[in-house]
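Chains A and B, in that order, are what the protein sequence lines are. First residue of the first sequence? That's 1 in the UniProt record's numbering, and the numbers climb one at a time after it. First residue of the second sequence? That's 1 in the UniProt record's numbering, and the numbers climb one at a time after it.
Be careful, since some hints might not be right.
[As the list claims (entries may be wrong)] Stretches of chain A that chain B covers, calculated by requiring three or more beta carbons in the stretch to come under 8 angstroms of a beta carbon on chain B:
| id | segment |
| --- | --- |
| 1 | 58-65 |
| 2 | 222-235 |
| 3 | 301-314 |
| 4 | 317-324 |
[Stated by the list, open to error] Among chain B residues calculated to face chain A with C-beta under 8 angstroms, some are:
| id | residue |
| --- | --- |
| 5 | Thr116 |
| 6 | Phe118 |
| 7 | Met128 |
| 8 | Ser143 |
Think of the hints as simulated: they come from the structure by calculation, not from any bench. Source: prediction; values computed, not measured. Every residue, glycine too, gets a C-beta built ideally from N, C-alpha and C.
Next come the chains, spelled out residue by residue.
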Amino acid sequence: MTQTIYDNIVYLLSLVGISFGDSIVPKIIIVLLIAVLLLVGVALMVMFFTWMERKVLGHVQVRRGPMITGPHGLLQPIVDGIKLLTKEDITPKRADKWLYFIAPLIVFVPSILVFIPMPFGQGAIVSDLPVGILYIMAISAISPVGILVAGWASDNKYALLGSLRAVAQDISYEIPMVLTVIGVVLITGSLSMQDIVLAQGEKTWFVFLQPLGFIIFLIAAIAEMSRIPFDLHESESEFVAGFFTEYSGMKFAFFFLAEYAHLFGISAIMATLYFGGWQGPLIPGIPVVIMSIGWFTIKVLAIVFFTIWLRGTVPRVRVDQILSIGWKVMIPLALLNLFITGLLVAGGVL
Amino acid sequence: MTETEEFTLNVGPVHPSTHGVLRFVLRMDGETIKDTEMVLGQLHRGLEKIAESRSYLQFVPYTDRLDYISGMTNNYAYTKAVEDLAGITVPRRGEYLRVLVMELGRIVNHMLFTGTLFLDLAASTPIMYCFRDRHNILELFESLSGARITFNYIRPGGVRGDIPEGFIDKTRALLKELPSRIDEYAELLNDNEIIKMRLKGIGMLNPKDAINYGVTGPMLRGSGVSHDIRKDDPYSVYDELDFKVCTRSECDTYARYIIRMDEMRESLHIAEQALDAIERLQGPVSTSYFPRIFKPARGESYSRIEAPKGELGFYIVSDGSEHPYRVKIRSPSFCNLMALPQMVKGLKISDLVAVFGIVDICLGDVDR
Numbered sequence: 001m002t003q004t005i006y007d008n009i010v011y012l013l014s015l016v017g018i019s020f021g022d023s024i025v026p027k028i029i030i031v032l033l034i035a036v037l038l039l040v041g042v043a044l045m046v047m048f049f050t051w052m053e054r055k056v057l058g059h060v061q062v063r064r065g066p067m068i069t070g071p072h073g074l075l076q077p078i079v080d081g082i083k084l085l086t087k088e089d090i091t092p093k094r095a096d097k098w099l100y101f102i103a104p105l106i107v108f109v110p111s112i113l114v115f116i117p118m119p120f121g122q123g124a125i126v127s128d129l130p131v132g133i134l135y136i137m138a139i140s141a142i143s144p145v146g147i148l149v150a151g152w153a154s155d156n157k158y159a160l161l162g163s164l165r166a167v168a169q170d171i172s173y174e175i176p177m178v179l180t181v182i183g184v185v186l187i188t189g190s191l192s193m194q195d196i197v198l199a200q201g202e203k204t205w206f207v208f209l210q211p212l213g214f215i216i217f218l219i220a221a222i223a224e225m226s227r228i229p230f231d232l233h234e235s236e237s238e239f240v241a242g243f244f245t246e247y248s249g250m251k252f253a254f255f256f257l258a259e260y261a262h263l264f265g266i267s268a269i270m271a272t273l274y275f276g277g278w279q280g281p282l283i284p285g286i287p288v289v290i291m292s293i294g295w296f297t298i299k300v301l302a303i304v305f306f307t308i309w310l311r312g313t314v315p316r317v318r319v320d321q322i323l324s325i326g327w328k329v330m331i332p333l334a335l336l337n338l339f340i341t342g343l344l345v346a347g348g349v350l
Numbered sequence: 001m002t003e004t005e006e007f008t009l010n011v012g013p014v015h016p017s018t019h020g021v022l023r024f025v026l027r028m029d030g031e032t033i034k035d036t037e038m039v040l041g042q043l044h045r046g047l048e049k050i051a052e053s054r055s056y057l058q059f060v061p062y063t064d065r066l067d068y069i070s071g072m073t074n075n076y077a078y079t080k081a082v083e084d085l086a087g088i089t090v091p092r093r094g095e096y097l098r099v100l101v102m103e104l105g106r107i108v109n110h111m112l113f114t115g116t117l118f119l120d121l122a123a124s125t126p127i128m129y130c131f132r133d134r135h136n137i138l139e140l141f142e143s144l145s146g147a148r149i150t151f152n153y154i155r156p157g158g159v160r161g162d163i164p165e166g167f168i169d170k171t172r173a174l175l176k177e178l179p180s181r182i183d184e185y186a187e188l189l190n191d192n193e194i195i196k197m198r199l200k201g202i203g204m205l206n207p208k209d210a211i212n213y214g215v216t217g218p219m220l221r222g223s224g225v226s227h228d229i230r231k232d233d234p235y236s237v238y239d240e241l242d243f244k245v246c247t248r249s250e251c252d253t254y255a256r257y258i259i260r261m262d263e264m265r266e267s268l269h270i271a272e273q274a275l276d277a278i279e280r281l282q283g284p285v286s287t288s289y290f291p292r293i294f295k296p297a298r299g300e301s302y303s304r305i306e307a308p309k310g311e312l313g314f315y316i317v318s319d320g321s322e323h324p325y326r327v328k329i330r331s332p333s334f335c336n337l338m339a340l341p342q343m344v345k346g347l348k349i350s351d352l353v354a355v356f357g358i359v360d361i362c363l364g365d366v367d368r
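This is chain B alone, in the form it adopts within the complex:
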């Protein structure tokens, strides 16, 4: 084989398939990737530092801007840390409502994931289908919180408002409709020979490396590790709900894609149970009063939840004042992204796009 001269290829920060402002510096041998260096920080907004000068309640809207695709789970992860710190318990109806919106948020995230993944593979149809259905869920969110992306809905003490009139019926109709929509995606995509050619056998990450890199979420489950915080360390009311953890052992990108498809169905199942509970239960959705300025006792708390992209953790240290002393965010996108250079080593540049799509990051979550 002839040797070709290696060269450096810069991809990003403004590039069609970096999903934001991520920059790759690739060492290439022809079309083959020898080495990947990632340059992060283009979207760094210093959210952790900002938190130190905001009151506990004021920081909730900032969490929407972390992983701006699934704002609900971010709200909840932060809220849970604050509630643990202050020792607040939330009415059960409120918890079920939180679970409902979080699981719908997971579906939204996975729909966007499916759409953008295949858009990167140059199939422009899936994203249109996904956006059509994502829109319907966002309408529900809008009726709850008034916003479609930045909800600021889940807050310490419960949620910001009770469900509006007709919400149950609308949600139930949507939950009935969505399985057929997911089947539609599966029919279009899952058995497509070209998609199998593109996704199978690339982006391998064995379970040991995945754990060592701190990879979580569907990425880890695609490596055959059955790890889901909703099951392993249940929070909210997940221990009362029936669902299974979707795992596949192929370790390649196709497995990770199929897991997302399965998770959408599981999330629908959870959402149905949560909706039933909301209808059944009586009472408020939040504690009667949550002070605007509140001063938790000295101490610290760490909350971790299963966000759509993986483990999302908030570590909050309180010094007894109205501001947190320190907030540390453990974001799933950042940790999952770190495994990318190993996953794409020796692959073609077209595979970089596919593997990067499968990691499913949000730059707001990577750079914070």
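So that you can see chain A by itself, here it is in the shape it has in the complex:
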């Protein structure tokens, strides 16, 4: 039975002599505490990513990136956050007020919710849902709705065209992504994220068992994260800022947060599905929970680093080319991968 963060907290409390039989209030408090922990953790990670992106990209581009605020500009994300919070929040006159208000939330909330069945480490999982990966795929499919709403509600042609592009891209790349995930699920025999991690401990990392699947997943993931070369979401050279052209202040910050939370989320999924999740060699003397969270973080950071590196190297692919790659190359290959995996699993090889 896999432990969850909740179990661990209850266990720690029982060690210091606090226990609460069946009363519901402390349970709710603990759950709320976990929710806050998750939100803060993701927000901190996102802040770190923005700093890392600017630093790595800076060094790729023979410059230093932020250097003024804090050591090596480490406080830059905080300063940026304060700037965004204190900026004027403008709603265009002709915008659909309610939809305009709710769109950032529709994008932001799913990007946090995907972390619920995410195994950050051994015993560090909010809830080990039996349908974990299916839940993640389903939840992350909600954010294109928010993008479409944002583009529509802004009443701006750039925003509308940008949102249509973004949604077209998200939908076309979700299909190959889910198809490759099925390959992993076939090998594991379970949809639970924790089971997928444990299965990789028994066998080997799935990146070696599913090389084709991994490559398809990687490309689809970059598209889903909306990173260059597949960042039709922003397309700043054509549509100024894509679907969030009209957004400013806090609402813009939500889109920004969601984008990086998405980057974190999909990197985490990739680390879990293909790189053994939190598993890694343990150093004696350090608690397993901390070691496993450390390994997980290292793997996620490596993937994020890769996407930043990619951003520093290549330009954007054109919209029709992105879609034709998605439908004409990725989906057939994903089906092929699924077919081969199915045969191998049925034949008892995997």
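Chain A is already provided as a structure; the job is to place chain B on it using the hints.
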């Protein structure tokens, strides 16, 4: 296929990829461009009219503001027209110095072109590399003229000042370094599959249309027409220099981009020869005296030179007074831009950005 409703999309005048204040009114069918209308004149400063109230020498700084990326060539184009009008000959050392700064200016222009083109394609790294190297050339210009963009360096009678101490060594070191830098760009960009996907086969302009539109410079050479005024109608000391005209016949944007890369190398080659000549030759860099107020005889002159962006011409009419009677500027950016609507017809809006980047205009040069 289903028909979608056409709509009008306004791009600019303030937009990330219009390189200034140009406005497009696009008739779009979804993402496909049906028709392009350009609205010019947002940066019109009436330079041609201003010229009529300035003395011949006073107008030189204004030419820096035409195509403010390559001020040196603008200075020279105007200066050449004035010199033709007044019948002034410039010492050969001065001519070589002019060629040196003009060719370095061409490299600066093409570096900026490369950077902004790929920035429009969302690759943010090339522009940083290009600016790093552009900076080194601008430092040289600064040591010559005191300015980095608006030089006012080449003027009737020669150049404004002789080279400072250590200039030859610094330039030689830079000329040694730059080829490896250009190789670096080529390595990063030329064989990148995504760049090929984005640039190959779009923005087609066949040689006949290119000539009819009056397209010049790398744009025309990318359509397979070997036309370079430095070769065809040599001015200054270009007939004594060894260089070749870079031409490609693919007619697409990728060819036009590669031509710029090749031209940077050719310009380095020319600059080296010019630097050798400056070192070898003795004597002044300008005529001993050029009067501040001078009155050429009645007459007219037209000079045309190969500016980095294409043919830059100055037509000056003198009525014998201290001011020009009329100055007409034939700017390469304006003429090249006119071919854009045909080049982007039927393409996607993302291609508009790429094709527009490849035309390489400077709004100061378009609107004057």
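Each hint, compared with the structure:
Here the segment 58-65 of chain A counts 4 residues with a CB under 8 angstroms from a CB of chain B, which clears the bar of 3, and the coverage holds. Counting residues of the segment 222-235 of chain A whose beta carbon lies closer than 8 angstroms to any beta carbon of chain B gives 4, which meets the minimum of three for the stated coverage. Only residues whose C-beta sits within less than 8 angstroms of a C-beta in chain B count toward coverage, and the segment 301-314 of chain A has 4 of them, enough to reach three; the restraint holds. Closer than 8 angstroms: that is the beta-carbon criterion, and the segment 317-324 of chain A has 5 residues meeting it against chain B, so the requirement of 3 holds.
The closest approach between the C-beta of Thr116 (chain B) and any C-beta of chain A is roughly 10 angstroms, which is over the 8 angstroms cut-off, so the hint fails. For Phe118 (chain B), the interface hint holds, the least distance from its beta-carbon to any beta-carbon of chain A being 6 angstroms, beneath 8 angstroms. With its C-beta approaching chain A no nearer than about 4 angstroms, Met128 (chain B) sits inside the 8 angstroms limit, and its interface hint holds. Annotation: Ser143 (chain B) was flagged as interfacial toward chain A, and the flag is violated, the nearest CB pair being 23 angstroms apart, outside 8 angstroms.
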